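Work out the full structure: start from the sequences and follow the hints.
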Amino acid sequence: MSDDILGGEGFLTTRVDAVVNWARSNSLMPMPMGLACCAIEMMAFAAPKYDVARFGSEAMRFSPRQADLMIVAGWVSYKMAHTVRRVWDQMADPKWCIAMGACASTGGMHRCYGVVQGCDNFLPVDIYIPGCPPRPEALIHALMDIQEKIRNQYSVSTDAHEGKGAAEPTALRPRVLTPSGEGAISPATLYGTTEG
Amino acid sequence: MSKLEFHFTPVDGPSETEDSPNPHAKSTTFVPEAVKALQDTFGDDVQEVFLYANEHTVYVSKDRIVDVCRYLKEELGFTYLVDIGGIDLFTDEDRYEVFYNLVNLKEGKRLRLKTRVDEESSSLPSVTGVYRAAGWNEREAWDMFGLRFEGHPDLRRMFMPEDFEYHPLRKEFPLLGVPGSLPLPPQTPEAGLTLDPFAAAHGSKPIKSYEEAASDE
Chain G
1 MSDDILGGEG FLTTRVDAVV NWARSNSLMP MPMGLACCAI EMMAFAAPKY
51 DVARFGSEAM RFSPRQADLM IVAGWVSYKM AHTVRRVWDQ MADPKWCIAM
101 GACASTGGMH RCYGVVQGCD NFLPVDIYIP GCPPRPEALI HALMDIQEKI
151 RNQYSVSTDA HEGKGAAEPT ALRPRVLTPS GEGAISPATL YGTTEG
Chain W
1 MSKLEFHFTP VDGPSETEDS PNPHAKSTTF VPEAVKALQD TFGDDVQEVF
51 LYANEHTVYV SKDRIVDVCR YLKEELGFTY LVDIGGIDLF TDEDRYEVFY
101 NLVNLKEGKR LRLKTRVDEE SSSLPSVTGV YRAAGWNERE AWDMFGLRFE
151 GHPDLRRMFM PEDFEYHPLR KEFPLLGVPG SLPLPPQTPE AGLTLDPFAA
201 AHGSKPIKSY EEAASDE
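Order-wise, the sequence lines are chains G and W.
Heads up, the first sequence is in our numbering, so the first residue is 1 and it goes up one at a time.
Heads up, the second sequence is in our numbering, so the first residue is 1 and it goes up one at a time.
No lab work stands behind these hints, which were simulated from the structure alone.
A quick note: this is a predicted structure, and the numbers were derived from the prediction, not measured.
Just to be clear, a hint being listed does not mean it is correct.
Here are the in silico distance ranges between beta carbons for each label pair [as the list claims (entries may be wrong)]:
1. G:H141 / W:E165: 38 to 44 Å
2. G:C37 / W:R132: 29 to 35 Å
3. G:Q66 / W:E165: 37 to 43 Å
Idealized CB from N, CA, C, for every residue including glycine.
Dropping the structure here:
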C-alpha cells in the first residue's frame with residue numbers, strides 16, 4: 001500500500017469489530033443445502049455468469065465445519081429436517097442461514113403432511129427469499145443483505161461474553177428458543193393434551 | 001363400472017386393430033392374445049377384463065397373483081415390471097386395489113394387471129419372488145397404504161420415518177397430517193424433539209385413532 005494512503009506512518013487505526021466484520025462478510029463460505037429445484041438456481045448463482053466470487057462466497061463447502069452460511073434451497077421434509085438441523089449444529093459459530101424460495105420459507109405449494117411448513121420451524125433463519133424458484137440475482141441480494149447484517153454486528157463484545165455468564169449483549173438475531181432451552185414447544189401447551 | 005368413451009388426440013396414426021373402439025389409440029396396450037392365454041390358463045381366477053382406450057386391464061384374484069405374474073413372465077415374455085402401486089378406492093368391499101404394469105420388451109406390448117385387496121386383511125402375496133424389481137414398489141405401497149405384502153424379504157417403510165404410525169395415502173388420513181406424529185429436531189442439544197406447530201395452528205387437532213366412529217345406523 002502506498003505511503004500516501006497511510007499518511008506516511010505505515011499504520012492505520014480502526015475498531016476490531018470493523019476489521020473482523022469486514023473479513024467475515026467478504027469471505028462467507030456457503031453450505032449448499034440443495035434439496036430441490038432451487039438448488040439449480042443456486043448453482044447458477046455460483047457459476048460464472050452470476051459469479052458469486054465477486055462477493056467472496058464462491059467456495060461452496062459441503063463440509064459443515066468449513067461453512068458459515070447455510071442456504072436451504074428447496075422444500076424440507078420432516079425426515080430431512082433432522083439431517084438439516086444436524087448439519088446446522090455442526091457448523092461453527094458465527095453462522096447465518098438463508099431460506100431460499102417459497103418452500104424453504106413457508107412450505108410453499110407443498111401444503112401437506114410430509115413437508116415442514118418453513119424451515120424456520122427448526123432453524124434460525126436470517127434472510128427469506130421469495131420466489132419459486134428465486135433468480136440467482138435474488139440469492140445474491142440475500143447474500144448482500146447477510147453481509148450488511150454482519151457489518152452491523154458487535155462481533156467482539158458478543159464473542160467476549162460467550163459462555164461467561166455475564167449479561168448477554170442484545171441479541172443480534174431473534175432466537176427461536178432461549179439459550180437454556182426454555183420455551184420449547186411442548187405437546188401439553190400446544191395441543192391442550194398431555195398425551196405424547 | 002361405467003365405461004367412459006375417451007379418444008386420444010390422434011398423434012400416433014390409426015392402429016391396425018380393427019376391433020378397437022378408438023382407431024387412433026396405441027396398439028402396444030392391446031394384447032388380446034395374452035388375455036386369452038391368461039383366461040385359458042387361470043379360468044375363474046381371471047375375474048374381469050377391461051378394454052378402455054385400447055388398454056387391456058386384467059383383474060385377477062390376489063391369491064393367484066404370483067402364479068399369474070410367473071406365467072406372464074416365463075410363458076408370455078412379460079419380463080419387465082414397470083410399476084406397482086396401490087389405490088384406495090374407499091369402498092366397503094375390497095377397498096384397496098393394487099396394479100402391476102408389465103412390459104413385454106421383445107414384442108413391445110404392455111399389460112396392466114390389477115387385484116383387489118379387502119380392508120380386513122390388507123395383505124396380498126408379494127411378487128418379489130418373480131420380479132426382483134417389485135421390492136421397492138411394494139415397500140412404497142406398504143408405506144403409503146399399509147398393504148402387507150406377504151413374503152416380501154424386507155418390508156420396511158419406503159419414504160416415511162420408520163416410527164411413523166400412519167399410512168398417509170389412505171383416504172382417511174388428513175392432508176395436513178397428524179400433529180405430533182412427525183417430530184422436528186431438538187432446538188438445543190439437551191432439549192427434546194419439537195412438535196410441528198403448523199397443523200395445530202390451522203385448527204387440526206390430534207385424534208386418537210383412525211378407526212372410524214360407528215355410524216348411527
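Structure-based check of all given hints:
Range check, G:H141 to W:E165: about 43 Å between beta-carbon atoms, so the 38 to 44 Å window is met. As the Cβ distance of G:C37 to W:R132 is approximately 32 Å, the hint placing it in 29 to 35 Å holds. Restraint check, G:Q66 to W:E165: a C-beta distance of roughly 39 Å satisfies the suggested window 37 to 43 Å.
Hint compliance for this structure: every hint is met.
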